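Participant: Fit chain B to the known structure of chain A by using the hints.
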Amino acid sequence: MLDALNKKLIEANNDPVAFDHDCREGICGSCGMFINGHPHGPVSAITTCHLSMRYFKDGETIWIEPWRAKPFPVIKDLIVDRSAFDKIQTAGGFISVNTGAAPEANSIPVKKKNADEAFDSSICIGCGACVAACKNASAMLFVSAKISQFALLPQGRVEAKDRVRAMVEKMDELGFGNCSNTGACEAECPKEIKLTNIARLNREYYKAY
Amino acid sequence: MEKLNSKIPDGPLSQKWIKFKASSKLVNPANKKKLEIIVVGTGLSGASAASALGELGYSVKNFCYQDSPRRAHSVAAQGGINAAKNYPNDGDSVYRLFHDMIKGGDYRAREANVYRAAEVSNQVIDHFAALGVPFARDYGGTLDTRSFGGVQVSRTFYAKGQTGQQCLLGCYSSLNRQIKKGNVKMFPRREMLDLVLINGKARGIITRNLITGEIERHGAHAVVLATGGYGTIYYLSTLAVSSNASAAWKAHKRGAFFANPGFIQIHPTCVPQLNEFQSKLTLMSESLRNDGRVWVPEVSGDKRPANDIPEEERDYFLERRYPAFGNLVPRDVASRAAKERCDAGYGVGETKLAVYLDFRDAIKNQGKKAIENKYGNLFEMYKTITGSDPYDEPMRIYPAGHYTMGGLWVDYELMTTIPGLYAIGEANFSDHGANRLGASSLMQAAGDGYFILPYTISNYLADQIRIPKILTDVPEFDETQKSAVERLNKLISIKGKQTASSFHKRLGKIMWDHVGMARNEKGLSKALELIKELQAEFWRDLNVPGSINELNQELEKAGRVADYFELAQLLITDALNRKESCGAHFREEFQTPDGEASRNDNEYAYVSVWEYAGEGNPYILHKEELKFEEVEMKVRSYK
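Protein chains in written order, with the working numbering: chain A, 1 to 209; chain B, 1 to 639.
Since the hints were made in silico from the structure, they are not lab data. Small disclaimer: the values here were computed from a predicted structure and weren't measured.
Some chain A residues judged to face chain B by a derived CB distance under 7 Å, without partners named: (1) A4; (2) C23; (3) I46; (4) T99; (5) P109; (6) A118; (7) F119; (8) S122.
Ideal Cβ positions, reconstructed from N, Cα and C, are used throughout, including at glycine.
Isolated chain B, as found in the complex:
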């Protein structure tokens, strides 16, 4: 316990951030130039942080593994970005947004951070509008909003189904402005291999140039990780195929505690796997469930085409199990119900791992035109991927790994347990509890980068102004580089028979089968065993061609998969520890008689914070008790 100090300011919730800003230490403009900051990642949080810190006059170095910062996976977010503007006059407020997020997260997030995220949400929208993000507008020229799952107000700003792309390109443009000014230096096609600590403080990183293979050292007064989530631990997910946890994981092994690793959101409506070589599960917006009806055949193994199955032989299982909410139950409930039907043998399609999402009735009642207006682009995308036309036959959908609520533990200032190391965006744990509400990830990522970190980081850097430029020819850099290179050499010298991707695929299957939407002690323990066996096989039989001194995509993959084997074991340890069901974490042993999640606030109203205790040693659990001063903990029900 004594190791965790969340540094939440005193006073009433609505005054905490104001009070913090008024009292945090500042760095004089002349000193800012001398202070270097490394930002790893160029998604919504990384690019916004790098540009905001550059604007303030710090010397920023920004890294990404892609060929351009514009390709970070925030680009793929579809639905929108929340803010408490209350433009529709429908009763929204900062407090209501905060309350919805706390409740949506099933009371496992930190009140003060969530309130602040809601508080800065309006500034984020102002800033994006000023940057030229073409949000949807009404005829009078004002910004339009739409509704999203789990809330009763219309607070989601959007740019068709490409809000993430537009917001990311907005951040990318502000980043470019700072690059032009010389305040930010951009390092694309670099992978962070390790974090360098000097006297216990984060002072730099070791990177690999992905084109030349060269190992590089970069020093700084502070390091910010904006490296996203670890959803690709399931191999197939809605994430980009190269999204990975390695930077955060290396930081964890250097002393940054990891919080709530077991909280992973599984999105119910994704295009399912069609064949063995598919590398990706594309998301289909959850708005489709407004008009689509979810069903499977009533008879297991029914091979008839969907349209030949008569009404009375269809099982609309969501409507049957949840008559009150029907097809619009929350993400976790819909995902689990689809899995239950498929596990019982009622799945459709060649793999039997899909359910139908049928628009037949909606088209009959509202006309094809009305449906086209609402979902035209999604139907097109579905058709492009599958070759099947949703206007003529039902979509096949299946849940997929989507967003990780867990991440590096951070205090109120977004600093990890390593002084000088920060984690922002999806890489940290702080705002979404056990389940994230739609359209709040873009909001949090941009809020962290533009409006929170620039204030909190000065509180630390104000005490670093006497530290001269961090030189990289010191023993700490030597040692960290040596261990990073040793590991690359180890990976490449195994010269076994199997590819990194084939191991990743097998790891993903174990994770999906036992550590996915529904978990139980037996399955989790079995998964832990299987993963240890597979990990041993990996280090025995991996085949990475080529050398480390050249462009080598297989080497990149191998390093990421190797880290996933370790993270997977922590994730399972966390899932085993949490003997309750909350949000996306559903333990089959802990459910109500009618199959709903059963939370245990008496024993588990805490953040599980894990300390790495060295190779082979058991993890040390720290608990950050969650105190709810403003919100009363309640049970969610959808029946």
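Isolated chain A (complex conformation):
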């Protein structure tokens, strides 16, 4: 729809509307905007790029706004700066292992249940809908998804305490709010990341001090 709008605008010698987008299959996390009052629009569990016009009535007026959150300043039109997310990952969202230093893959068994749960947390696409949906502009669903993925795997346990301290500290420093258990993030997450991740983040955080 925005492509069509922009074509029309350019052909009439107007400026097109700038918006982030790339894979157009709901996996890269580039796209994201408020549509009719919901992050990624009124349909649950999909990203903006998958939101088809058939979900709207003919002639309906559609309201589109950029993400609104202090840590995501607007750059132009619908494009916001989400580099704060990268900064949180840089603070501790990794397992410290050098290339070549890894043990044989099957030498550390992982419970299937843990591996599956870690996967469910790991599928976050970093789009920022959770922050945009939250009245506190909290990034805790995003942070907790990464914390959970690593907390559930033996490979991630070694640095678990340092990781959770570093990521939470960075999250606070960047101006994200805290969680007050409303659950808007879970309701709007296009990948259906669960609120239980935040509970695990809190447990991990208490254990770290």
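Facilitator: Just chain B now, with coordinates in the frame of chain A:
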């Protein structure tokens, strides 16, 4: 010929990489810090290379056009990643993986590189597991594998249908660790506009900051291109809409030879185009063909809903033409057969460019639950995109451009014909021949970045330790920047009527119609003419609003489309030159009486390597003869 030295080490195949590693030059740790390396791209190959080189202590600068390195299009790979672990005890080995890849590539890849890719595959899996990539596991806690097309062993590691995302996020995490340590400096939202050469060596790049429009200079002792493939040359493809060939193309025009540009894989099972504004063809995993039956109505133009067409009026054309393999014929064969039916007027849906993939019989025989367990997430995705439920009515599918086997020519060390310029991952040509096997792209990209390039690049950099920091206030940078800016100004000052995307769409249609799944001399020559005309129209009637000194997405698109016009002509030149059918390159003139590909090993067992000879001059063809020491060339048959 004399310009190509593939630098393949001597000795038996299984000893080449070992021998290379033992004898390649090293850089002392104190010197590594002083050596700067630019890596362009943050996909599986770029992010893995940047982090591995950072770990070694080099000063790395990593660039991507997206707002975050985590969004590179490796993220969209679905099925899995191959490795020769032989965990299922089913007879797999490095040799077998190598052999499958050579055969799958229809004997047009370089043996030594393919063997090495297979050799490092196991380390890649070890490393991803250690990085916390949540691969699927068995109840005992060990890693699970599954089978993939074209092979008889189970060697594909996977994380549901999101293996690419999980592997990419693994690379992204190791990249973040190096960013935190200060070994890698990340430059997101930057587009590489050109490559800077000093005394014939790659010494830097010119980039445009996509937020401010500022033109920037970056110097380095070596430059690595990890910029992916050029599948969006068809406009509609399974790639991200901004995926592009511009960085590789600029390097090509500066002297890096381009190999096998005509080898492009068309994936048979994609969600077809539903309307004119659709910008993307989403892949549906090929595993669906295990249970889905492909058909079209027997009568051309039958307008009845699929479920109202009785069994006897359906043409299961794959089962009819290929009784032995049926719906499970390889990708290229399935794609061509679907196109043939649609061209003949039997296509379904509004555009008539689709065929049915029907699960009715599978649901009847195995139950809805069994099908849901196997394909639930894919059915959901299909429903989200199309609004139609595959449990109730057949999917509509059509082939789409997917992966480019061709790319910048590299030697065994992954260096292009420009000293100090490397190409890794899909951006190079070396491992997949004329056709790529499923789940081997992630394997190759991560292998190149983590385990191959760090060894080979030191062989070059060891001789660069006396070169001081590359300064960017020298005439070479001035000139390259000037020409890059001139081109931007040229694009923006045309002020015609048509958008870059509308030109891209038209270019894509010409490419798809004449340079897609089946090609012939007449069609290729016609496409070349049409593209030249369209290119002229582009430079006459393009409309890019705004200025170059600001965020300007239309300017970005225009630059990429302008390069595609040039690459398209080389691609066609290559397709015209290769008078044989092999892998994904099917020339209609060269087929067996029953419509199968007819390879010509006597005349075409070589890599076509193209040298740019300047504006308006014909390309110069170099041939890298392929010598098969281990593998015997055979004909593939699916009947």
